[in-house]
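Novice: With the hints as your guide, set chain B onto chain A.
Single-letter residue listing:
Number of protein chains: 2
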Amino acid sequence: MQIIDGKAIFTQIKTEIAEEVKTIMAAGGKAPHLAAILVGHDGASETYVDGKVRTCKELGFKSTLIRYEDDVTEVELLRCIDGLNMDTDVDGFIVQLPLPKHINEHKIIEAIDYRKDADGFHPVNIGRMLIGLPCFLPATPAGIMELISRCRIETQGKHCVVLGRSNIVGKPVAALLMQKAYPGDCTVTVCHSRTGNLKEICLDADIIIAALGVPEFLKGDMVKDGAVVIDVGLTRLPDSGAKSGYKLTGDVKFDEVAPKCSYITPVPGGVGLMTRIALMKNTLLAARKAIYQ
Amino acid sequence: MQIIDGKAIFTQIKTEIAEEVKTIMAAGGKAPHLAAILVGHDGASETYVDGKVRTCKELGFKSTLIRYEDDVTEVELLRCIDGLNMDTDVDGFIVQLPLPKHINEHKIIEAIDYRKDADGFHPVNIGRMLIGLPCFLPATPAGIMELISRCRIETQGKHCVVLGRSNIVGKPVAALLMQKAYPGDCTVTVCHSRTGNLKEICLDADIIIAALGVPEFLKGDMVKDGAVVIDVGLTRLPDSGAKSGYKLTGDVKFDEVAPKCSYITPVPGGVGLMTRIALMKNTLLAARKAIYQ
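Line by line, the protein sequences give chains A and B. The first sequence: position 158 = 158 (this note's numbering), numbered continuously. The second sequence: position 288 = 288 (this note's numbering), numbered continuously.
So here's chain A without its partners, still in its complex pose (with noise of 0.2 Å):
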């Protein structure tokens, strides 16, 4: 059983993302740019905020963090996606999501100019990933195969069960790993609410992504020998003996079911650096306009 180390793949990505900056600016170049939209005072957003603004510092990239207070209409904010899609200096951008329930996300992010979607969530990008098109693949999808690719985690023809169906991470991941690629061309099933038989299902998994966030759904009776495990749950529990007064926990029993893994993702420490990493590659395409021009 190996404990997948995401610190470590995230380490070495930074350097390799950092090296990169570095060329393109000795050879006259301007530093990549992420600009993030953040509404409110949420603590797991300002936490996200924080720590890509912190990533962006730490790879050489120029970041700017607009806020609005929680009362923003939807107006105020096009008018600053508006700005930020004219604005030659920035590569790409982010509206850090869940947005407040007045503002439809969906026209939020549709306003955005896809090629400068860093966060890989406009439809065309979207639709461009399902078809096996050059996109800025959503960034927890992103990550999960770069953990998959770097790990040399083999793919092929086994069968990847993905729990969840969100925008996010379930669809998309189901997306990329029935494409004929590497990682990829696996029989993909994706399970959810109405599943019925999913404990079966786990069982018969060669590969599972654990994206319902459902703290600790995924026992050790659900997961059969050698299967790999990606978890990709960040539920908050509240813990009164951690300093911050939560406790991160993912969608997997850890414990029961690591024992039985090839391969298992922790949390913290997993799927949560990779999608931030995600996002600075995506940023980093935009900036060397390597998918549109």
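Careful: at least some of the hints might be erroneous.
The list treats identical chains as interchangeable, and a pair is accepted whether it falls inside one copy or across any two copies.
Unchecked claim - Below 30 Å or equal to it, Euclidean Cα-Cα: the simulated DSSO-like pairs (lysine-lysine) are:
(1) K281 to K107
(2) K101 to K14
(3) K57 to K289
(4) K180 to K199
(5) K107 to K289
(6) K281 to K62
(7) K247 to K7
(8) K101 to K289
(9) K219 to K14
(10) K101 to K260
(11) K14 to K62
(12) K22 to K199
(13) K224 to K199
Hint data in this document are derived by calculation from the structure and do not stem from the laboratory.
Specialist: For chain B alone, kept in the frame of chain A given last:
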């Protein structure tokens, strides 16, 4: 066992659409207008386009057929598409696939204004479909969904196995069947050429969508009792006895499979007609500006 009568459903939907066209015209509106670009003289493509033009006429739609020879350049095609994009009389249009090898199909499809994309192949429509937003659905998957819903086949929590991962059938129909909707809410497994234990997976399926393009691939011993089988295959096999010189053959060995099924589609007379009517529905939606302004 019930053989799904695609022709009867097709006729029923034709009546409904024709009624709607009459209502539009009676209110002083214009007839929905579908244009088709056909390159070369491929026999199957000719047949498909003929059928589409004929159905337009039956519905009261206006149709325009634009023909090019096999040696048309990409630039010429793109210019034609631009013209159709700008033509305010044209509500929707399609470029009949496949195209000659010197033409980049993806480039052609992406040149179509997604608001006139009657085939539902543009990345914006594909992306919106995957994330569950209103869009023009790809015609064959939309036709399959229509068949399922007209036959009131239960889908929630059912295990649906999709054979094939093409961009125009396998991937989009899998995306649709996993949505939180009816038809939908299935546990979906996508199988393809790299899938190892295909027989066992099929034997577990409540619903099988066979879209491999391999004549009579699905045999009787691969289907469990009571399964629903939708045959998307449409291969032309030489048949000296037939007037046309060929016989349309599905992906399902019908004689063996049918007796085990609760529902099964025949070939021809099943999914093929539904594809055509789905194209008409998209055109009507485009004319009514029901999805995009």
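Novice: Run every hint past the structure and note whether it holds.
Specialist: Comparing the hints with the structure gives:
| no. | hint | verdict |
| --- | --- | --- |
| 1 | K281 to K107 | both (25 Å within a copy, 25 Å between copies) |
| 2 | K101 to K14 | neither (35 Å within a copy, 41 Å between copies) |
| 3 | K57 to K289 | within (21 Å within a copy, 46 Å between copies) |
| 4 | K180 to K199 | both (28 Å within a copy, 21 Å between copies) |
| 5 | K107 to K289 | both (25 Å within a copy, 18 Å between copies) |
| 6 | K281 to K62 | within (14 Å within a copy, 48 Å between copies) |
| 7 | K247 to K7 | within (18 Å within a copy, 59 Å between copies) |
| 8 | K101 to K289 | between (34 Å within a copy, 27 Å between copies) |
| 9 | K219 to K14 | neither (33 Å within a copy, 51 Å between copies) |
| 10 | K101 to K260 | neither (42 Å within a copy, 49 Å between copies) |
| 11 | K14 to K62 | within (15 Å within a copy, 57 Å between copies) |
| 12 | K22 to K199 | neither (49 Å within a copy, 53 Å between copies) |
| 13 | K224 to K199 | both (10 Å within a copy, 21 Å between copies) |
When held up to the earlier numbered hints, the structure conflicts with 2, 9, 10, 12 and fits the remainder.
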